[in-house]
Amino acid sequence: MVDAETISRADEKLEVLFVTSDLFPPFRPAAKAVFAEGLAARGHRIDWLMQAAEPSSGSGEQRFKGGMAYVAPTNAGGSRLARLKRHLADARNDLRVFGLLRKHRYSLVQIKDKYLGALIAIVAAKLYGVPVFYWLAYPHGEASLYAARNGVARYRLLYSLRGALQRLMLYRIIMPACTHVFVQSEQMRSDVAREGIPLDRMTAVPSSVNLRDLDAKAGPADDAPAGPPTVVYLGTLLRERQLDFLVRAHALVVAALPDAQLKFVGSGWMPADEQLLRREAERLGLSRNVTITGWLPMPDAWQEVRRAALCVSPYLPVPILRSTSPTKLIEYMALGKPVVANDHPEQADVLRESGAGLVCGWNEQEFAAAILELLLDPARRARMGAAGRRYVAEHRTHWAMVDLVTGRYHQHLRVSPKPPKSRLFARV
0 MVDAETISRA
10 DEKLEVLFVT
20 SDLFPPFRPA
30 AKAVFAEGLA
40 ARGHRIDWLM
50 QAAEPSSGSG
60 EQRFKGGMAY
70 VAPTNAGGSR
80 LARLKRHLAD
90 ARNDLRVFGL
100 LRKHRYSLVQ
110 IKDKYLGALI
120 AIVAAKLYGV
130 PVFYWLAYPH
140 GEASLYAARN
150 GVARYRLLYS
160 LRGALQRLML
170 YRIIMPACTH
180 VFVQSEQMRS
190 DVAREGIPLD
200 RMTAVPSSVN
210 LRDLDAKAGP
220 ADDAPAGPPT
230 VVYLGTLLRE
240 RQLDFLVRAH
250 ALVVAALPDA
260 QLKFVGSGWM
270 PADEQLLRRE
280 AERLGLSRNV
290 TITGWLPMPD
300 AWQEVRRAAL
310 CVSPYLPVPI
320 LRSTSPTKLI
330 EYMALGKPVV
340 ANDHPEQADV
350 LRESGAGLVC
360 GWNEQEFAAA
370 ILELLLDPAR
380 RARMGAAGRR
390 YVAEHRTHWA
400 MVDLVTGRYH
410 QHLRVSPKPP
420 KSRLFARV
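Anchor point for the sequence shown: position 326 equals 325 in numbering that gives the first Met the number 0, and the numbering is continuous, going up by one each time.
Think of the hints as simulated: they come from the structure by calculation, not from any bench. Given the structure is predicted, the values throughout are model-derived calculations rather than measurements. All C-beta atoms in this analysis are idealised placements derived from N, C-alpha and C, irrespective of residue type, glycine included. Accuracy of the hints is not assured; some may be wrong.
Unchecked claim - Distance windows between CB atoms, simulated:
#1 G284 <-> P175: 48 to 58 Å
#2 E60 <-> S286: 45 to 55 Å
#3 G284 <-> D199: 54 to 64 Å
#4 R193 <-> H394: 20 to 30 Å
#5 K102 <-> M269: 41 to 51 Å
#6 L295 <-> F97: 38 to 48 Å
#7 G128 <-> R277: 55 to 65 Å
#8 E53 <-> L157: 20 to 30 Å
#9 K102 <-> L80: 29 to 39 Å
Between the sequences and the hints, there should be enough to build the whole structure, so can you do that?
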């Protein structure tokens, strides 16, 4: 809970050195929404240590969102040598943290999803007496171990070693050395607490949207979408997510409503990702009922959601996905659409709290029954859509997340004394 004194400090401007695995220019939600578009827009200075997304993105020092971006070069090669060069360039760039902390008086260092770079930044921050915070958006170590154990990884031993090393660094060195830790969801907060990090030293910052931007780009809502009833899935179509499950559920929907459509708004990373869905649709005789749009600009993708009767958010029930905070769910709700989702920790809680949809098991029959229940009840769909929109406006805007993060910064900067410079891994 952020107290009144902390709130009163909210206008104090911060200077943040953001050391992140995000690529330049940033596009992922936390880096873009909270830092580039949130904190910077409120007058806080953010300096960035990150790697270029593409060779054309530029490298070196450049002005960005009122601060400076120190960008490591990259290359487009896929060989081992090219990957090694990228990693070395990123590591050299991370070493800039020593010079930056020596020259500038930052309020804090914020690290996001880095490991070796995190160790470098923590040593530098302790050396110069600057509080350091960590942000974990995804359980990388657990994901590597899962891939190795389930035959997904090409090099199982390498993935096993990497996963074990990441977990060791994260839970035994990095997080204990930080003032506070931001995580993606309450489920992730609970998972990390089981690794020994106290709950009161972590804050969940779930997915959010910029309502004004979304409304401007998605266009006006249609009270009565024209055409056959359409169910929309928005997102990347990776084979690992087993989205052919949705095609089989849709076959049961079509048995009751022959003109019902299932539209995948997105694309895969590989041709085989989309081929899996097309082959399953052909096998079930659904070629006319299943559409894949391919990649669309975000405004066009949101317009597809606007035209849907309802939207779906299936998340494969595996441990590494349980701690995610699904952005698509919040986008659906912000666009006023009812949602059918499986029983995933965060989206189940959100849908039950908001009344914006139905939660069912990872089961084709249950999913199809929930979809049919809503397709046959337009009035209920409208009530759920309105409830979801209200919930997002009250709890899940980018500005609400910016307030949460800045509140935690001010709270801990007020109560945390600066550490002795010689105790490099003492808690701040």
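Here is how each hint holds up against the structure:
The hinted window of 48 to 58 Å between G284 and P175 holds, with their beta carbons roughly 57 Å apart. In this structure, E60 and S286 meet the distance hint of 45 to 55 Å, their C-beta atoms being roughly 53 Å apart. Evaluation of the 54 to 64 Å hint for G284 and D199 yields a pass: the beta carbon distance comes to about 55 Å. For R193 and H394, the hinted distance range of 20 to 30 Å is satisfied, since their beta carbons lie about 26 Å from each other.
Range check, K102 to M269: Cβ separation about 45 Å, and the 41 to 51 Å hint holds. At roughly 43 Å, the beta-carbon separation of L295 and F97 lies within the given 38 to 48 Å, and the hint holds. Between G128 and R277, the C-beta spacing of about 58 Å keeps the proposed range 55 to 65 Å intact. Between E53 and L157 the beta carbon distance is about 26 Å. The supplied range of 20 to 30 Å therefore holds.
Against the hinted window of 29 to 39 Å, the Cβ-Cβ separation of K102 and L80 comes to about 34 Å, which satisfies the hint.
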